Amino acid sequence: MTDRVAGLAFVLLAAGYVWLSAGYTASFGDPLGPAIFPRVVGIPAVVLGLALVIWPGHNARWAGRDGMIRQAAAVAILIGYALLLEPLGFVPTSFAVLLGLSLLMQAPPVPAVLTAAVAAPALYLLFDRVMGLPLPLLGTAFG
Amino acid sequence: MDTLSSLMAGFSVAILPLNLALIFGGCFLGTLIGALPGIGPVNGVAILIPLTFALGLNPTSAMILLSAIYYGCMYGGRITAILMNIPGDEPALMTTLDGYPMAVKGQAADALAISGMASFVGATLATIGLTLFAPMLAKAAIHFGPADYFALYVMAFATIGGIAGADPRKTLLAALLGLMLATVGLDPATGVARYTFGSFNLYDGFDPIVALVGLFAISEILFFLEEKLTGGPKVPKGNLLPRWRSLTIGMGASLRGSVVGFVAGILPGAGASLGAVLSYGLEKRLSDKKGTFGKGDPRGVAAPEAGNNAASGGALIPMLTLGVPGSGTTAVMLAMLISLNVQPGPLLFERNPDLVWGLVASLYLANLVLLVLNLPLIGLFTRMLAMPVWALMPLVVVISFLGVYAITHAVFDLLIMVGFGILGYVLRKLDFSLIPVVLGLLLGMDMENNLRRALSISGGDFMVLFESRIALVIYGVTLAFLSLSLWLSRRTPALLADSDVSED
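From first to last, the protein sequence lines are chains G and S.
Going by this note's numbering, the first sequence runs without a break in its numbering and finishes at 143.
Going by this note's numbering, the second sequence runs without a break in its numbering and finishes at 504.
Hints are not guaranteed to be accurate.
Across the chosen pairs, the derived CB separations fall in these ranges [as the list claims (entries may be wrong)]: (1) Q106/G / V192/S: 34 to 42 Å; (2) S199/S / M68/G: 28 to 36 Å; (3) M68/G / G379/S: 48 to 56 Å; (4) L8/G / S199/S: 22 to 30 Å; (5) P111/G / G198/S: 15 to 23 Å; (6) P134/G / K105/S: 51 to 59 Å; (7) W55/G / G198/S: 32 to 40 Å; (8) F462/S / W19/G: 56 to 64 Å; (9) P17/S / L12/G: 53 to 61 Å; (10) L83/G / A480/S: 25 to 33 Å; (11) P168/S / A22/G: 25 to 33 Å; (12) P111/G / Y475/S: 42 to 50 Å; (13) P188/S / L83/G: 25 to 33 Å.
Interface residues of chain S toward chain G, partial, derived using beta-carbon atoms under 8 Å [to be verified]: (14) L179; (15) V184; (16) D187; (17) F293; (18) L395; (19) V397.
Just so you know, these hints were derived from the structure itself, not from any lab.
Nothing here was measured: the structure is a model prediction, and the numbers come from that model.
C-beta: ideal position from N, C-alpha, C; glycine also.
Produce the entire structure from the sequences given, and follow the hints as far as they go.
Structural data, given as C-alpha cells:
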C-alpha cells in the first residue's frame, strides 16, 4: 500500500522537522520564537502521517517499466538542461531538450527535429530580442 | 455612488491600449490553455507569470493579463469536455456529464453554445458581485486583527480540499507540507536560519513562483511520459456554429448556478470545482424530473459552467480584500502580486485603486471578448486541439525554464524547480492535491507573523486566538463548510472518485 509508505515518509519528515526545531532559539523577547511555529505545523503532520500508516486508503499505480525509464530519462534531460544552460547557451541546449523530450514522447523523428530546430531559435528571438529578457545565445564554453 | 465612480475610473485604466491588448491576448491564450487537455488554469497562469515579469508589466497590467487568462481558461475547459469527454481542467469535469452525451447525440454545437452562454452569465454576474461586495468586505476587513487572520488561514486550509480532494487527511498533510516548506530560510522576526542545512542559497527560502512552475508544469510532463501515447485526440469535424435559439435554453439553470458558484468561490480555499459540483447538484435536484440528467440535458451543461465561471470571479474577492486566495489559480496570482511588491488586503483598495478597479473593469471587457471568442470563433479553438502533445509539452518545459531563469538568473533555482516537479509528480500519484501545498508555501510566513502578533498582544496566551468575535464566526463558517462537504462526499462519492485531471 503506497499510502502506508507515504504516511511513514511524512512521519519521518515531520518528526525530523520538529526535532530540528529544538535547535532554533532566539535570545530576546519574541513571544513565539523561531521554534514554536514549526512545532505547531510538525506535530499534527506526525499524527496525520501515523493515521495514514494505520488506515491507508489509496494505492497508487506507478508507471510501467518503460514509463519509468522514460521518466528517468526526462529527469536526466531536465537536470542536464539546468546545468548546461549557462556553459552551452540557450539555443543549443533548448534544441537538445526539445528534441530529446519530444522523442521520449514518441514523436516522429523528422517533424521532431524540424520543430526543435525552429522553436529553439524562435524562442530566443522572441524572449531575448523582442521582449528584452537577456538569455545566453551561446554559452561561456563557446565564448 | 462611490462604487460606480470608482468603476468608471477603472474603465479608463482598462481601455488603455496596452491593457486592451492584454485582455485580448489573455482571453485568447486562456481559452486555448483551458481547452488543451493537461494544462489547466493553474499550470497556465504559473507558466505565464515569468512572461509578465519578462514583459516588464506593472502590477495592474500583469493582473489584468493573468485574470483574462484565468477567465479564459474557465471558458476553454468546457471545449474538450464536451467534444472529447476529457475535462480540460477539474471544474470542467462536471460539464462532461451532460455535455459529452449531447455531443454524442449530434448536438455538440448546441452544447458549446449553451455552455458558452452559461459561462458568460456566470462570469458576468460574478464580476458584478465582485464590484459590489469586494469594497464592502475590504471595509469590514480593516477591523480584522491578527487572531482573525490566523482563523482565516485555518479556514482556507480546511476548505481548500473542498469535496474534490478524496481524503481530508491528505489535504491537511499537503497543507502542512507547504507550511513546512515555507519555514525554510531566515526567520523574519528573529533572523534565525531554519532548515537551510548551511546552504546560503536557501536563506531566502523557496521562491513560490519557482516552486509553482515546478509543481505544475514540470510534473505534468512526467505524467505524459507514463503511458505510450496513442496519436492525437480525435476532434469531431463538422459545423460548430450554434443555432441562436439554443442560447436561451438553460438560462434559468445558468442564473441559479451562478449564485451557487459565486458563494462557493468567495469561501477562501474552496474554489471553482466546488462551484461546479454544487451547482450541478442543485440543478439536478430542482430540474431533473424526468431523469434526463447525465444523458445530455442542456440544463446539466449550463449549471456547472455558470457555477465554475462564477466561482472564479468570486475567488478573486478574498484574494484581493484579504490576501487569502479562494482557489488554486488565485493563489498563483497572489504569489505574483507579492513578487511585484503589492500586498493584497483591505488597504489595497485605498492605496492601489487603479489596480483594483482597473482589474474589475477589465473583467467586464474580458467577458465580452470571451463571448465573441467562444461563440462565433469556436471552430478556431477546436482546430488547434489537433496540435500533437509531443510538440506542446516540451515547449511548455522550455518556456518554464527560460521564465524562471529570466527572473532569478540562478542555476540553483532551476534545479529546485526540477526537484519540485518530481515532488509534485509523486504527490499527485499518491493522490495528494497540490493546491494546499502551494497555499501553505504562500501563506506560511503570514500565518506565522499573525500568530506572532496575536501572541505579542496577549503576552503569549494562546487563548487570544479564540477571543475575537470575528475569529469565532470564521471558525463557525469553517465547521459548517466541513460538515457540508462531508455530507456531500457521502452523497456523490463515485462522481469524483478517480478524477486524475489538473486542478483549478
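Hint check:
no., hint, verdict
1, Q106/G / V192/S: 34 to 42 Å, "50 Å, violated"
2, S199/S / M68/G: 28 to 36 Å, "30 Å, holds"
3, M68/G / G379/S: 48 to 56 Å, "40 Å, violated"
4, L8/G / S199/S: 22 to 30 Å, "26 Å, holds"
5, P111/G / G198/S: 15 to 23 Å, "48 Å, violated"
6, P134/G / K105/S: 51 to 59 Å, "54 Å, holds"
7, W55/G / G198/S: 32 to 40 Å, "38 Å, holds"
8, F462/S / W19/G: 56 to 64 Å, "22 Å, violated"
9, P17/S / L12/G: 53 to 61 Å, "56 Å, holds"
10, L83/G / A480/S: 25 to 33 Å, "51 Å, violated"
11, P168/S / A22/G: 25 to 33 Å, "30 Å, holds"
12, P111/G / Y475/S: 42 to 50 Å, "57 Å, violated"
13, P188/S / L83/G: 25 to 33 Å, "32 Å, holds"
14, L179, "5 Å, holds"
15, V184, "10 Å, violated"
16, D187, "4 Å, holds"
17, F293, "29 Å, violated"
18, L395, "6 Å, holds"
19, V397, "6 Å, holds"
Comparing the model with each earlier hint shows violations of hints 1, 3, 5, 8, 10, 12, 15 and 17; every other hint is respected.
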